[in-house]
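Engineer: Mind assembling these two chains? They're in different frames, but the hints should get you there.
Listed here are the chains, written in short residue letters.
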Amino acid sequence: MWHVTLKRVRLLIVLTILFVMLISSASLNAQGGGGYIGELEGPTLVLDPAQWPTEFSEAPMLAEKVAAGDLPPVVERIPSEPLVIQPLDSIGEYGGTWRRAFVGPGDGENGNRINASDKLLFWDYTGTEIVPSAAKGWEVSEDGTTTTVFLREGMKWSDGAPFTADDFVFWFEWMYSDTRITTPIADMAVQGQQGRVEKVDDYTVSFVFPGPNLLFVDLLAGDTLIGGGQSVRQSRGTSYGAYAPAHYLKQFIPEVSGKTEEELNKEATDAGFEDWVTRLHFATDWQLNPDVPNIGPFRTVQPINTEAWVVERNPYYWAVDTAGNQLPYLDRVVFTLAENPQIITLRAIAGEYDQQERHILMTELPAIIENQETSNYTLHLDLAFNGSDAVYQFNQSYDADPEIAKWLTNADFRRALSIGIDRDQLNETFWLGAGVPGSAVPAESSPYNPGPEYRDMWSTYDPDLANQMLDDIGLTERDSDGYRVRTDNGERLRLEIQAVASFLPYVQISEMIADQWSDLGIYAEPREYERTLGMTRAANNETQIFVWTNGGTELLYLFPRHAIPVDPTEAFMGPAFAKWFVTNGADGIEPTDPNLLRIYELFTAATGLDEAGRIQNAQEIWKILVDQQYGIGTVGQSPAFMGVRIVNNDFANIPDRTCIAQHCRTPGGSHPETFYFTNPDRRD
Amino acid sequence: MLSFIARRIMLGALTTWVISIIAFLVILLPPGDFVDAYIAQLSGLGQYVSLETAANLREQYGTDQPFHVQYIKWIRRVAHGDFGQSLEFGVPVADVIGDRLWLTMVVSLGAIALTWGLALPIGIYSAVHQYSFGDYFFTFIGFIGLAIPNFLLALILMYIGFKYFDASIGGLFSPEYQLEPWTWEKIWDLIKHLPMPVIILGMAGTAQLIRIMRANLLDELRKPYVVTARAKGLTETRVILKYPVRAALNPFASTIGYLLPFVVSGSIIISVVMSLPTVGPILLRALVAQDVYLAGTIILMLGTLTVIGTIISDLLLMWIDPRIRLEQR
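Quick note, the sequences are listed as chains A and B, same order. If you're matching positions, the first sequence starts at 1 in the working numbering and goes up one per residue. If you're matching positions, the second sequence starts at 1 in the working numbering and goes up one per residue.
Bear in mind the hints are in silico, worked out from the structure with no lab data behind them. Where is the CB? At the ideal position from N, CA and C, for every residue including glycine. Mixed in with the good hints, there may be bad ones.
To be verified - Sample of chain A residues lacking proximity to chain B, with all beta carbon distances greater than 12 Å (derived):
#, residue
1, 44
2, 95
3, 128
4, 160
5, 212
6, 239
7, 322
8, 479
9, 552
What the hints assert, rightly or not - Estimated spans, in silico, between C-beta atoms of each pair:
#, chain 1, residue 1, chain 2, residue 2, range
10, B, 58, A, 291, 25 to 31 Å
11, B, 76, A, 374, 44 to 50 Å
12, B, 208, A, 587, 56 to 62 Å
13, A, 35, B, 208, 33 to 39 Å
Chain B extracted, bound-state conformation (with noise of 0.2 Å):
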């Protein structure tokens, strides 16, 4: 047992390593860098940079520099815990994302929070009373959930949202909180724009997971060790949560190691049609840059997050699922 999380772990190291290798190849290698990235940028803001600034930052942020030089002086950081200066904002790529990173997580953990918290009972109520009406209802909300990209509905409801309730547009505060130190009004004002960008990330991922809920149960429900309980004359509540809801959640364990990652960037294109800030936009926005430092460090986070997250949820399913754990041995 302890050998093989050992393993897992090393090879764990292991991708991450590769990863940022491959990260830091995939961002540099569209032709023109930085400096391309960044007059062209400029060019449709108004401000027009000339060859001679241009000559200057190049040599400034060592973009002419070939790829393994560059790599190896990023990297070289990264093992000390500095993850270099991030060229667009001008200050350690730490700083840029330190303050989004937590108001990524509440969003996120909010949206993971509403998709479990609807989708686990939901879906345990339609197998259970497959055909019923209820069934049926919540079947034609969820596909309603699942056929609506969520962009365009994130952009209804900021509509619907400033049309007649009064509500401030994207972001996560109003613009009076916005350069307040933190108050309890503050984090009030916070909560009061949590909802919609919750309800409009967790829509998606709820329909999807009521399905797969309804469908791994609805196997379970029909083998014979169910009607065994049954026979011996369990209550029906415990019938169905003691063992089938239990193998019926194996998915739901596996699914693990991609929510970490999502837990830290949030949606891009949600947090970009709202405006929102989180990690998201920041990442998307390094990438089109080739700001090289930010974007590797945000993939690099990212890429060992999934790591993490699938080793996690390696052990959770051998936790929930015995047939897992007996085949290890």
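If we strip away everything but chain A, and leave its shape as in the complex, we get (with noise of 0.2 Å):
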């Protein structure tokens, strides 16, 4: 009998967040919601090697081992020429231990994000300049075919085998080329052909493409297949990510370990794997298998399929301070499991983390500010800076009725949609005030925003021009209830917009709007879907409406498939066009909308262009989305996603404010290596 009673756990929660919602906005707008959202910082990196450290030192549980002779001196762990942070506010004390949640094995982009610094270049605090990470620096060819990236000399893997050209090229050749193990991807092909590693030196390595690719920087430095770095990229299952511990994972694949095949099939079914395949995968999975080399701030000693994931300290780490210490500052950090978001928030309220991003809810927010001081901690609200945490996408490809096809596809039916939302009422209720209400838009800090009139257009409440549009549109019949009606056959026009239950109530915020709509005298009805079917009905090209958040959009070309159906995996806005644009015309739909094909052209042409032009294609791009508003923003710039921060009082270098963003990796642009406890007793 319990899934009835799981239907009464869900409307008991969904009467809480309702009631806790009411509560909420009230006690938010007492204190101006402000109190909370500080000024954006974080660390800087030092890149002029006249002001590095010239002495080094470590960890004393590390002072340890090297007494006792089982690790080579700091100096030779860390690489002459260290990626040196400035902390945010102070040099650290080395110990600790950072508690923090997880809710399951599905949720390794928790540590994932924490050993963030593990990719080639990185984002700046502010998410708007790339950084080097690993590498200590890049270079574009003339011609834009070759990008040569600078390895640090002497830095070492987690097991103190160095780091070199050879792990890139070992990469390229016997992992991501060989389509056993995976299949080749978009981040390494210019115009549908692949490009190749080549090592030039010990330290250098060159990405050469056949055509000019001026975006691949960009790629390298984003949260992409190619740049991701190795603890993202080559956990669960997959195999990218530009480099991998050769010296370690060349036992597993067939040839170049020696062994043949069948041997290798042999050793994986003895150990319990299906094939060398996948025991290969699980081998260069950070979060499962402690064993693998990795180069990221702390590697995995108690595996995340446990009730405990435990990460600790990379003895090789190649980032110091400005004062010499080697990083990370803590000894560990330990993710405890929690089964539910209901639990990390009691728990949170409680004190029992230290610094907690994920799965706290915004709704949670009057009882995490009411225990702020008997437990020890202070709230911070980041916000985020894609336009929009609702996006209603309208499939432009939807086939299966030709009435409503007809009107998802009618640019002044969505303009009518749009300033038909009261954007004002779905902030106060559901964002507590604190986003900004407009249409889809990055932040207009961000390159790409193609200036402060777009946040506007089409997209301020004004009921009676939309009515007088839907009427114009042809719209004009109505049935005994005052909800327009069909053209084709004069029954009521229904709309579907499907919900998926998510770190937003989207079916809550969704009822409001069909509650907006029907003063137009357009009936929408929310529907909720179970998460995989949800998705699975818009990747078939089943959705007519689609609410989900475009996080990431603020970096169009990195992620493009909330804002431009691009990528079958989650193209709300036209499964079938996006599955037209990847199989070059061979299998989906073609679109005939001449807006459409232009935004395919401009972001198709983007790889070939300098920065200058590619921000003008970009800002082309949303030109033409706020326009036609394929995709209605509704409120965005806003703590929702990750941006609600529960921090212990006794750590620091903390920022009042972090960027919240996909290319952020949230927390991993703060560098999380140079946090550290205040408290002597937490040190331990």
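Structural biologist: Right, dumping it as structure tokens:
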């Protein structure tokens, strides 16, 4: 009978959320909401060698091992040109355990993001400028076909083996190019043609493409398949990420290990794996396999598929602070399993976590605010840069019902519905007034933002004009309840909004919008789907309107899927068009809308353009998107997704406000390896 | 008698096999597969899966193969005592369940002991002292126990525990013992955490059993043989415990079939709400994620235990109640 009870649980949770929202909107308003939103800040990199430290020191737990002869001295462990980080507030003290929550083996991203400096290039704390990370620098050839990356001499894997260009060549030749292990990716191609990886010398690697690829540096810095870093890209059955620990992984791959495929399959099945490929994917996964060498600040000592995921400092980590202390300051991070977000909130307000921004729901703010003093923590609200946390994507390739499709693809219909939404009411009710109402364009601080007027275009509440526009496009007839009717059979025009329960109460938001649309005579029905089912329906071109965040679209070229239909896994605006786009017309449906075709053209051309050209194309794309309202933006630039951060007061070098975005790898962009405990008791 | 048992066991084995097929079918029935579920789960956690990765995963896990191919692959392994690899956890299914299994049993057995330990005496007392103050008192408490959904009780008790008793929230261990190897201190820590889930789990069951016990016993007490026994001068305790209580126990024995699976799965809702490291949340997680081998194994295990439990309860009934025993002959 438990399914009945589940329904009851959900009802109760929904009621609680709404009740809490009522109270909380009052309490946040009373404090202006701004008290918890600070200035964007973070650690900076010292790139001038003249200012680098010359003496180095290390954590006591490592010094002991050095004294015992188990580990070489610190100067031999760090590269001759380490990454020098100026911590945000102060030089830290060694020791201590960062207590955090995770929700199960699928939550590997929780730790991947703390290890995010294992990317070759990264973004600075503002999320706008590309800076070195594992690589010390980069260079793009005159013709744009070759991007060269410079490695750090003397840099080592967490087991002490040298990290060199051979690890890149190994990855490319033995992992990436083997179709049994992985499939080729668009990140490594230009105009559909694959590039290659070449070793120049031990510390220099080139990525060579058959045509100009000026976007590649951005891809290396972004959260992409090529640039995401080892932690995220070589876990959970994938093998991307540009480099791999050749000396360790060799033994699992046929030929290069000196063994045949049969021999390795035998070994794999004996060890309980399906075949050598699954065994390899286990071996590369830092979350599951404590033995795999990595280069992030932490390495796993207790795997993620247990009650507690424990990661410990990497003794060979290649970054130091300005005083020459090898990072990280913290000994370890312990993630404890919580089966549901309510438990996380309860534990957070009991002060059981040192910093937690994942899985904390904005709706729980009142309880979080109330317990700050008693449980010795501080609340920070971080604002995102994406335009809207709830975008209503109108499926342009919908074909199940021609009458519905006719209206979904009608620009004035979409515009009318957009100006029929009272975004201020949504903001107050669901974002507690902390968001910015408007269209889907990224924040004004983003170079891709086409101008402030595009925030409001077709995005301010005007029900009278909306009604007028709907009349003008021919939806004049109404039924006895005042709803507009279909033009083909005279029955009520019913739109279905598909919502999936997630970090925002999308169903409730959609219900409020449906209520606002009923003033325009438009009948819309929000339907909740289980997440998998919802995503599958969307991918199968079965949805009419799908609501989801557009997080990540602030960097349009690196993560376009929630802005334009280019990736069939999540092309809510036109799944059949996305299929057409990625298969070069072999599959899917070819769009006829000239505006959409123009978007595809601008997007495809961008790889061959320099930065100024790319910015211009991106702005152009956003202008079309806003004018056409393919996706109706509501409220964004809010703390809704990973922006409610609870930080223990003994934790230091914590930014007041940090960049929360896909490419900032929150909290990776604020370099968690510089966090430390000011309270000596916590450092034991 | 022996042929009866043998027949039951053979039928049981057949039922279990059918259960395995149905379980597998039901898990694979919803549209999409593990990879779809996985992509959807990750996108809610801030990690996005690309088209290339999805295709790759599908091939690796073999989730694009037809139903019978996947089923035969799995059941072959099961026949060899190997339940396959959990797609989500990346380790053999036995390892995922193994750690949690005995913790589940501790919690569930505690709850059953509490339920029976309270329900039997109170039920007998209520029946014997019908309409007394005590009867009304326990009836009142019992109805409250029945009426409050136990997940709500769990939330409230956890909050009170945190607010006024400084108790750690959810789970079966304090954070400092979570990672420690087994010591007496850790066992003591476990014992300190047990009462809350045990009480919450036992609560609703207790109320229900009190009502059943009371009603059954009342029926029995009015029967002529009780009057006869009294008239023969037996002591009151003996009159009640020797025959009527024994007869009233029948429903308890017949519910054992459902108790066995409960012992290993625990209550899913309570375990999720209280974040208990038991098998229940794993089953829920596996079903949502369409982690076929993990979910299939747990359901197969529960099905098998239900079958075994039913056989045991049949045997028990024959032992407790001579009437059933005689009918078999």
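Engineer: Next, verify each hint and record whether it holds.
Structural biologist: Hint check:
| no. | hint | verdict |
| --- | --- | --- |
| 1 | 44 | holds (25 Å) |
| 2 | 95 | holds (16 Å) |
| 3 | 128 | holds (20 Å) |
| 4 | 160 | holds (26 Å) |
| 5 | 212 | holds (23 Å) |
| 6 | 239 | violated (8 Å) |
| 7 | 322 | holds (31 Å) |
| 8 | 479 | holds (33 Å) |
| 9 | 552 | violated (7 Å) |
| 10 | 58/B with 291/A: 25 to 31 Å | holds (27 Å) |
| 11 | 76/B with 374/A: 44 to 50 Å | violated (57 Å) |
| 12 | 208/B with 587/A: 56 to 62 Å | holds (57 Å) |
| 13 | 35/A with 208/B: 33 to 39 Å | violated (50 Å) |
In the structure shown, a violation is registered for the earlier hints numbered 6, 9, 11 and 13, in ascending order.
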